[in-house]
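2 protein chains.
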Amino acid sequence: MSQQSSDRSEGDLRNTGMSLKHDREWDYELERIEEAVEERDAETVGLQFPEGLKRRGPAVADDIRELIDADVTVMLSGQPCYGACDLDTFLMKRSDVFVHFGHSPMKESEKIIYVPLFSNVDPFPIMEESLEELSAPTEDAADPDEPVDPDVGLVTTAQHMNRFDEMREWLEERGYSVHVRRGDERLTHEGQVLGCNYASADVDADQVLYVGGGKFHPLGLAMEHPEKTVVIADPVNNVVTLADTEQFLKQRYASVHKAMDAEKWGVIYCTKIGQGRWEQAEAILEDNDDAYLITMDEVTPDRLRNFAMDAFVNTGCPRITTDDGPQFHKPMLTPGEYEIAVGNEPLDSLSFDTFHGTW
Amino acid sequence: MSQQSSDRSEGDLRNTGMSLKHDREWDYELERIEEAVEERDAETVGLQFPEGLKRRGPAVADDIRELIDADVTVMLSGQPCYGACDLDTFLMKRSDVFVHFGHSPMKESEKIIYVPLFSNVDPFPIMEESLEELSAPTEDAADPDEPVDPDVGLVTTAQHMNRFDEMREWLEERGYSVHVRRGDERLTHEGQVLGCNYASADVDADQVLYVGGGKFHPLGLAMEHPEKTVVIADPVNNVVTLADTEQFLKQRYASVHKAMDAEKWGVIYCTKIGQGRWEQAEAILEDNDDAYLITMDEVTPDRLRNFAMDAFVNTGCPRITTDDGPQFHKPMLTPGEYEIAVGNEPLDSLSFDTFHGTW
Numbered sequence: 001m002s003q004q005s006s007d008r009s010e011g012d013l014r015n016t017g018m019s020l021k022h023d024r025e026w027d028y029e030l031e032r033i034e035e036a037v038e039e040r041d042a043e044t045v046g047l048q049f050p051e052g053l054k055r056r057g058p059a060v061a062d063d064i065r066e067l068i069d070a071d072v073t074v075m076l077s078g079q080p081c082y083g084a085c086d087l088d089t090f091l092m093k094r095s096d097v098f099v100h101f102g103h104s105p106m107k108e109s110e111k112i113i114y115v116p117l118f119s120n121v122d123p124f125p126i127m128e129e130s131l132e133e134l135s136a137p138t139e140d141a142a143d144p145d146e147p148v149d150p151d152v153g154l155v156t157t158a159q160h161m162n163r164f165d166e167m168r169e170w171l172e173e174r175g176y177s178v179h180v181r182r183g184d185e186r187l188t189h190e191g192q193v194l195g196c197n198y199a200s201a202d203v204d205a206d207q208v209l210y211v212g213g214g215k216f217h218p219l220g221l222a223m224e225h226p227e228k229t230v231v232i233a234d235p236v237n238n239v240v241t242l243a244d245t246e247q248f249l250k251q252r253y254a255s256v257h258k259a260m261d262a263e264k265w266g267v268i269y270c271t272k273i274g275q276g277r278w279e280q281a282e283a284i285l286e287d288n289d290d291a292y293l294i295t296m297d298e299v300t301p302d303r304l305r306n307f308a309m310d311a312f313v314n315t316g317c318p319r320i321t322t323d324d325g326p327q328f329h330k331p332m333l334t335p336g337e338y339e340i341a342v343g344n345e346p347l348d349s350l351s352f353d354t355f356h357g358t359w
Numbered sequence: 001m002s003q004q005s006s007d008r009s010e011g012d013l014r015n016t017g018m019s020l021k022h023d024r025e026w027d028y029e030l031e032r033i034e035e036a037v038e039e040r041d042a043e044t045v046g047l048q049f050p051e052g053l054k055r056r057g058p059a060v061a062d063d064i065r066e067l068i069d070a071d072v073t074v075m076l077s078g079q080p081c082y083g084a085c086d087l088d089t090f091l092m093k094r095s096d097v098f099v100h101f102g103h104s105p106m107k108e109s110e111k112i113i114y115v116p117l118f119s120n121v122d123p124f125p126i127m128e129e130s131l132e133e134l135s136a137p138t139e140d141a142a143d144p145d146e147p148v149d150p151d152v153g154l155v156t157t158a159q160h161m162n163r164f165d166e167m168r169e170w171l172e173e174r175g176y177s178v179h180v181r182r183g184d185e186r187l188t189h190e191g192q193v194l195g196c197n198y199a200s201a202d203v204d205a206d207q208v209l210y211v212g213g214g215k216f217h218p219l220g221l222a223m224e225h226p227e228k229t230v231v232i233a234d235p236v237n238n239v240v241t242l243a244d245t246e247q248f249l250k251q252r253y254a255s256v257h258k259a260m261d262a263e264k265w266g267v268i269y270c271t272k273i274g275q276g277r278w279e280q281a282e283a284i285l286e287d288n289d290d291a292y293l294i295t296m297d298e299v300t301p302d303r304l305r306n307f308a309m310d311a312f313v314n315t316g317c318p319r320i321t322t323d324d325g326p327q328f329h330k331p332m333l334t335p336g337e338y339e340i341a342v343g344n345e346p347l348d349s350l351s352f353d354t355f356h357g358t359w
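Line by line, the protein sequences are chains G and H.
For the record, in the first sequence the residue sitting at position 229 is 229 according to the numbering used here, with numbers rising by one throughout.
For the record, in the second sequence the residue sitting at position 317 is 317 according to the numbering used here, with numbers rising by one throughout.
Chain G extracted, bound-state conformation:
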């Protein structure tokens, strides 16, 4: 598409890689896309980027167009995208080759090429710092020459998954007994967590080391595993913290309390391919004559303002409820919180809403 003045356009990573803030660079795996276009004799290629990377889309499209036949139509998804659960199904149907960037596969399909875009940040300096927060190896009282390897769970996000084996070895070399597991079918890799699924931290260790950026992933992790100490080693922002669920719980309980007087409930069913929980939505409707089912893809404050409900329960993406909840004009609860608000479950049953399965 765009003919830029330099020989290589911004998204071109074939030789030099692309520098961003925090020294992140990504491999867009252009050859893999090129091969798929040729193999399938594709006439249309659809590209989908998550929000933070959308602005790179046109440059990546340029690079792909340089590699493939000029007759092939390259299309960019302009839909919001917040995960591998959030495929642009319209563009997917319209494309012979559909490339989803920035997430690991939630469900494999012949049509979809997932390009994970692994981070190139070195995780070990910040892991070194995080050791101060972990129980250190100790001597065995019975045999002082034999150290006791403390148990630690290790998890990370898709972005850093390419270094996961190295991370595990690095911890083992320092005397830790490292526990890892693959979560459920929603997760591609051993040790991987999503913003809505922490099943891979369900290991036999009282402490879990989370290597990754962001504050919401480890918060969900700590909420989902309240009996464990969650140490956060964030290699992007170069900081070590402990997950603290107190403020989060206060916010959630405040929403539940506000919703306790609600008469009319809006029950949101999300139509995004990987964010629908139909059975949960139906169960609430069957149980509550004052509940109204509302279907939508993007769940936004603007869209809900149209409905004169007293409270909402969101069966879609849990992160919208917990992270964006205060932006809605009425209390927005998870399905579990709804059960508390209407009196079906006790207050202390409040837990983090996680999402399992694919579609």
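A hint or two may mislead.
As the list makes no split between identical chains, a pair holds if one copy fits it or if it spans any two.
[Unchecked claim] Restricting the straight-line Cα-Cα distance to at most 30 Å, the calculated cross-link-like pairs of lysine-lysine (BS3-like) are:
| hint | residue 1 | residue 2 |
| --- | --- | --- |
| 1 | Lys215 | Lys264 |
| 2 | Lys107 | Lys250 |
| 3 | Lys107 | Lys215 |
| 4 | Lys111 | Lys93 |
| 5 | Lys215 | Lys250 |
No wet-lab data here; the hints were simulated from the structure.
Take the given structure of chain G and dock chain H to it, following the hints.
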């Protein structure tokens, strides 16, 4: 669903009708919906309202639920909706009976019940006032006893379509020769205009009387038929005006001029069922190596801010371009305006972007 304290809930129109500002009330045609649910042995009913009526949805759902079997699941579309071109295709697929309120059919289908929601506002007082702006019947110089019936075109919107025949007769009784026609297949009724289609005003008369609310419909009408005087009789706001395209044209030319220096063009293809013009989008891509195809359903400033383009050309709903254009961070043009900006067409070819056909 909600059991309200009064016998009849807010949306119940079976006997009394519902009063709103401007004295508008609507017939939701509940019996027709009830019959369809029974005939089709439906398990799911989907309801879609345009933006201005969404807040009525839950009450209408209540009324429908009182009429049908309790096992039937009633669902409300939470997607934005701006016309019969904008069916919630997800909800439609998921519903045994799908009811689209507030617009006349763009395309009939066995599954869809269109409930037009005709206005009950009396159009004749404001039509009486509008006569001052129309050429009045005159005497024939050759035969002073014989008046000359002046030609006038008559158009209105779906909302007032139920009074169209009366309007025509009313004008004829006052000595006018009334010209009406059905537009193209995008339009259901004779004399009907849409915000994107004014083909029904293509009649043999120098003056057209538009009966209806809003300022954008008659503006599009005047732009599409620049050789005609367009008199606006607005029975909702009770005002008569003449459509004035000057300011509108200034705004459009300003956008075109701003876009003339653009190198990178974002070409928007709208994925809404009745708003896609694929051939137009493809033609631009083929003609311009610096054009990038972006697909989306809702075309909003937020979504486009993700793309570092110099200008956009919108092949979707023309009203987004003309009515919301200034809200976008870069110039947003219609396909015709794009041709001017890139030098393929002369400046004076600027015209209103209309939309034809269905899907």
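Outcome of the hint check:
no., hint, verdict
1, Lys215 with Lys264, "neither (33 Å within a copy, 36 Å between copies)"
2, Lys107 with Lys250, "neither (35 Å within a copy, 51 Å between copies)"
3, Lys107 with Lys215, "within (26 Å within a copy, 49 Å between copies)"
4, Lys111 with Lys93, "both (9 Å within a copy, 23 Å between copies)"
5, Lys215 with Lys250, "within (17 Å within a copy, 49 Å between copies)"
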